[in-house]
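**Student:** Knowing the structure of chain R, use the given hints to seat chain V on it.
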Amino acid sequence: MNILGFAFILLLHFLCGRGALQLFKIKLAPRAMVCISFIVGVPLLSLVPFALQLFHVPITYNSVLISMCIFAALLSIGLVVKFKKPELGKIKLPSVYEIPFILIFLLLIIISVWRCFYLPASARDMLSGPEVMAKYAVSEKSMINSMFSVDLHTTNNYLKPPFVTSLQIIYKLFVSEIGQLWISVLFVSFIIWLYDLLRANLNPLIAGIILLFFITLPEVYAYTYLMLFDYSNMVFFFAGFYFLARYRSSRQFNELAFSALMFALATYIRTETLVLQYMAVPMLIYFFYKDKTPLKQTIKPLATFMMAPLFFYILCMTVFVKHYIPIHFDVSGEINKHLGDVSVFFERFSDMNSVLIFSDMGKTLYGYFIPMFIVVLIADIIFFRKQFSIEAKVALYGVLVVYIGMPLLGYLLPLVDLRNTTKRGLFKIFPLMVLYLRNSGSLIKLSTLINNWEFSKPKDEVDKRMPQVATTQSKGNAKKK
Amino acid sequence: MIFKRAVLFFIALIIVIAFFKSDFYNTWFNTKILQMQDPDSYTGVEDVPAVYDRVTDMIGKQAERMSVRERMEMRYGMSYYISEAVDSILKANKVKDPYILFPPNAYLKEGLHYNDFNVPEPAIFYYFTGLQEVWANSPEVQKTNWTVIIESLKNKDYLQQIIAEGQKIIPLYNGNGIVIALIQVTDKQQLGLILDHYKNYNAEL
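Residue numbers (this note's numbering), protein chains in the order written: chain R, 1 to 481; chain V, 1001 to 1205.
Excised from the complex, chain R in its bound form:
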């Protein structure tokens, strides 16, 4: 492994991501900024080999290197112009009682990163598509290479968006022959970001328990070192909803635009995400209705929200797959021919619940995360129904989008099967549940009780603090406005 090469690629990921955050004027806590910079930098950098292919520039070590540097430099212009010494603030050490959780998270992270580095790709979807395409792109300088001379009647995996192919090209050229470590960049940054989000609202004990349930989701954890699209797709889908919730609180257009970018990147990773993202549009329209926003003023945000992912969809499917892949593929041929028969949707919805979620198989795949979420949600509905924050509502809407949207995709596209695509598509629901849990009235109440006991505060302060914690963010943002 080329460690220097990896450090260089990490720097480029960071610069691209940080530059994008600057461009969209997104301001978050320093650690969240670093994590999201790395996260966003991964797909952004992958656009480089993709662009080289689109412009018929040979994919060589030098061309990729120079283009990546130019791309990162362009994105970093805003950073340089408005350079400020980073405010690191006081470094806060974790509480002593976070240590058991942090140690177990570290163990799981180290094992995942090692496996990601050591084990070659094994998913068939990769070996008969993006991985083989990337391998021969490195030696033949083009994504359209000799793999298309092979009998491909057993697979259509070469029709996937070039997200993985491009990243594998970069990592094979600069890091190691097996590549893949970009998955660890996403995984580690995402886990730290999620933990930060939980810690911002909850006592470390509660935050640790929730993240423990999340990180040990058996099927999701496996895809932190098995190369496929779904983990990355989950991260960006979550980020889309997170920034949408921030937009609802702040009403700042840049937050909505960044949310659209996150959804666009999720669509770039898995094109069918477009359908799920469009299911979030009614929520946006509802926001405008509630705010009595004049119709004219809704056009720009709505258009941004809808056009950004559509642009990536067209780029991948209409431009790349249709005009570059030498094998003819007609998307319309993949759509259900009997859309009038809605029973297919209900059948899939029922199967998803009975086979994938509320079953022994569901337990094997997702552990006890879903029952835990349901118990907390019921407690919140019973005891704290008037204290649902904006973020909680947006997160619940996102959960509903995935819950309804996955069977809907199965109904629209027969290729979206239950035991593979739907099973992995459901990954998207879990971080949204985490986002809800950090706003849960019950958990915030419990956190406040623990905090007050820890810091010996009087009991009457408990009830005063509880709702404040729940709405800190929205109030803060409202002030800004």
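Keep in mind that the hints were calculated from the coordinates and are not lab data. The C-beta atom is built at its ideal place from N, Cα and C for all residues, glycine as well. Heads up, some of the hints might be wrong.
[Stated by the list, open to error] For lysine-lysine, the following DSS-like pairs were computed, each having C-alpha atoms within a straight-line distance of at most 25 Å:
(1) V:K1109 x V:K1199
(2) V:K1188 x V:K1143
(3) R:K290 x R:K386
(4) R:K300 x R:K290
(5) R:K363 x V:K1021
(6) V:K1032 x R:K363
(7) R:K172 x R:K141
(8) V:K1168 x V:K1143
(9) R:K141 x V:K1091
(10) V:K1094 x V:K1143
(11) V:K1096 x R:K141
(12) V:K1188 x V:K1199
(13) R:K423 x V:K1032
(14) V:K1168 x V:K1188
(15) R:K92 x V:K1004
(16) V:K1168 x V:K1094
(17) R:K90 x R:K25
(18) R:K393 x R:K290
[As the list claims (entries may be wrong)] To spell it out: a stretch of chain R is covered by chain V in this simulated footprint if at least three of its residues, at any positions, have a beta carbon under 8 Å from a beta carbon of chain V; those stretches are:
(19) 131–144
(20) 153–164
(21) 208–220
**Tutor:** For chain V alone, coordinates are given in the frame of chain R:
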């Protein structure tokens, strides 16, 4: 406050221990996290999973086998081993433009009841070797000039039938009553006999 934090620390510790002592997470942690295939147990042709009790042992053993080839052999097992053997034999013999026919997976599973080997699909074989593989239903099956035979040793008649006189068989594996060999396909009649043998089996994944 120190006392209270110590109490919280022990609560956190108990929660973590209880979590991983619960039936489900205990099984998951032991079977999926701590244990993994032992690289030493991989003999090249048999993908025998052995396990370690400690994850450090596993990582240590893997760290001794860092070449990409060793890692791929460990990951893909027999499919990779056979593909690689075919590749090295054909390269050693400087064979130009080989089109290699593999038997259908259904033939192995239903015809021979042999489940130790999954025929790699053409794209994956190309990923492993850079060579063209064809299946019985491939559009380019008539270009076949080499074939990998996977056959029960009991089917001697068939083997004699398809192997031309004086033709060399290059054995790749022999065990459990199954022989895997590479042979050159010299004429259409020979290819016809082989395809006829597979005609009742679906050449799909």
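**Student:** Output the indices of the hints that this structure fails to meet, ascending.
**Tutor:** Structure breaks no hint.
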